[in-house]
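K.L.:
Sequence:
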Amino acid sequence: MLAPGSIQPRLFRLAIAWVALIAVASSAAVPLSLALFSDATTSDGGFGAATLAPPTDVAATGGSDVSLTWTASTSTGATGYAVERAPDLAGPYAQIGTATPIGATSYIDGPTAGIWWYRLSTYVSNWTSATTTPVSAVMTSADTGERPCVAGTDAADTGGDGNGYQTSPGNACASDGLLAVDPGTGAAGRSTSCTNAANDRHRFWGYDFGLPGTVTSIDGVTVRADMGLNNNGGTSVLCVELSWDGGTTWTTARSVTLSGTTVTTYALGSPTDDWGHTWTAAELATTSFRVRLTDATSQPIKDYRLDYLAVSVQYTP
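The opening position of the sequence shown corresponds to residue 476 in the working numbering, with each subsequent residue numbered one higher.
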């Protein structure tokens with residue numbers, strides 16, 4: 476038997492121990508949380524996998540450009556296709572562009588002449604599919620790219636008031652917003668005809684096309700003119716002629732009607748337009764090739780504003 480009064484001290488000690496236990500538990504730096512998630516039908520540790528499908532039936536057709544075609548990927552939620560090109564089957568391949576959306580089935584490339592290899596992959600964000608089996612195409616024609624005239628190699632031509640682009644003509648040889656201006660054209664006689672002798676004319680040269688030593692044929696010539704006007708009145712036409720012998724002989728003019736005051740890029744000719752002349756590489760040399768502009772307007776006075784005059788040549792090596 477416990478002596479009278481001995482229960483109280485024991486109860487007191489038990490109470491102190493319980494309080495201490497609670498204090499230790501409540502002072503833990505990180506509370507302990509336990510959770511159990513269970514799904515008897517799926518908790519086997521496996522994960523589903525998805526595959527981004529590349530396009531199929533890729534084909535390449537060469538010529539004056541390379542045309543790629545394919546059957547669209549079955550991964551309809553993807554963004555599109557990365558297009559890669561290499562100079563050899565083994566590579567190295569470099570991405571040259573993309574084709575979007577995922578329903579796209581074609582791409583046009585314009586490399587230099589030679590044999591080129593292509594492969595595609597489907598992509599979405601940073602996720603890409605396996606690449607397709609490479610296909611090849613022969614680029615039989617090449618492009619010099621746009622080449623400008625050279626400041627100082629220009630001259631007013633006969634016609635009109637005889638001074639052509641009299642204000643800063645050299646500004647036409649750089650795409651920089653600085654203008655060559657033919658002010659008051661049409662004062663000598665109004666006509667939208669390219670052959671009207673009353674129209675102002677100006678010739679430019681110095682184009683360095685960088686053609687290789689051997690050229691099989693010149694396939695086309697494209698002239699780029701970035702033009703604007705001082706007002707929208709009447710009808711204003713830009714006429715362009717080309718010379719292969721320093722300005723002695725000229726092609727038949729190509730012409731375009733100008734749209735208004737804002738400087739706009741116009742293209743005359745094309746990669747397949749030889750302007751009615753069978754060219755040689757020598758005739759495109761800096762001392763032989765000329766571009767002549769004729770400003771033909773129905774208004775008595777019109778300012779023609781020329782920001783840039785460049786030429787590109789399509790050729791077969």
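For the record, the hints were derived by calculation from the structure and aren't laboratory data.
Errors might be hidden in some of the hints.
[To be verified] Pairwise CB distance ranges (calculated): (1) D720 with S650: 38 to 44 Å; (2) T727 with L564: 43 to 49 Å; (3) I583 with A662: 43 to 49 Å; (4) T551 with D720: 55 to 61 Å; (5) T732 with A579: 30 to 36 Å; (6) G664 with N705: 14 to 20 Å; (7) L653 with P687: 43 to 49 Å; (8) T546 with N707: 45 to 51 Å; (9) G627 with N707: 30 to 36 Å; (10) T732 with E758: 27 to 33 Å; (11) S643 with T573: 36 to 42 Å; (12) T546 with A626: 49 to 55 Å.
Note that this is a predicted model, so its numbers are computed, not measured.
Ideal placement from N, C-alpha and C gives every residue a C-beta, glycine not left out.
K.L.:
Now look at each hint and say whether the structure bears it out.
P.N.:
Outcome of the hint check:
1. D720 with S650: 38 to 44 Å: With a Cβ separation near 28 Å, D720 and S650 fall outside 38 to 44 Å, so the hint is violated.
2. T727 with L564: 43 to 49 Å: About 46 Å separates the Cβ atoms of T727 and L564, which means 43 to 49 Å holds.
3. I583 with A662: 43 to 49 Å: holds, 46 Å
4. T551 with D720: 55 to 61 Å: Holds - the Cβ-Cβ distance for T551 and D720, about 59 Å, lies within 55 to 61 Å.
5. T732 with A579: 30 to 36 Å: holds, 34 Å
6. G664 with N705: 14 to 20 Å: holds, 19 Å
7. L653 with P687: 43 to 49 Å: violated, 33 Å
8. T546 with N707: 45 to 51 Å: holds, 49 Å
9. G627 with N707: 30 to 36 Å: Holds, since G627 and N707 (Cβ atoms, about 33 Å apart) stay within the stated range.
10. T732 with E758: 27 to 33 Å: Since the Cβ atoms of T732 and E758 sit about 29 Å apart, the hinted range of 27 to 33 Å holds.
11. S643 with T573: 36 to 42 Å: holds, 41 Å
12. T546 with A626: 49 to 55 Å: holds, 51 Å
The structure is inconsistent with the numbered hints 1 and 7, although it conforms to all the rest.
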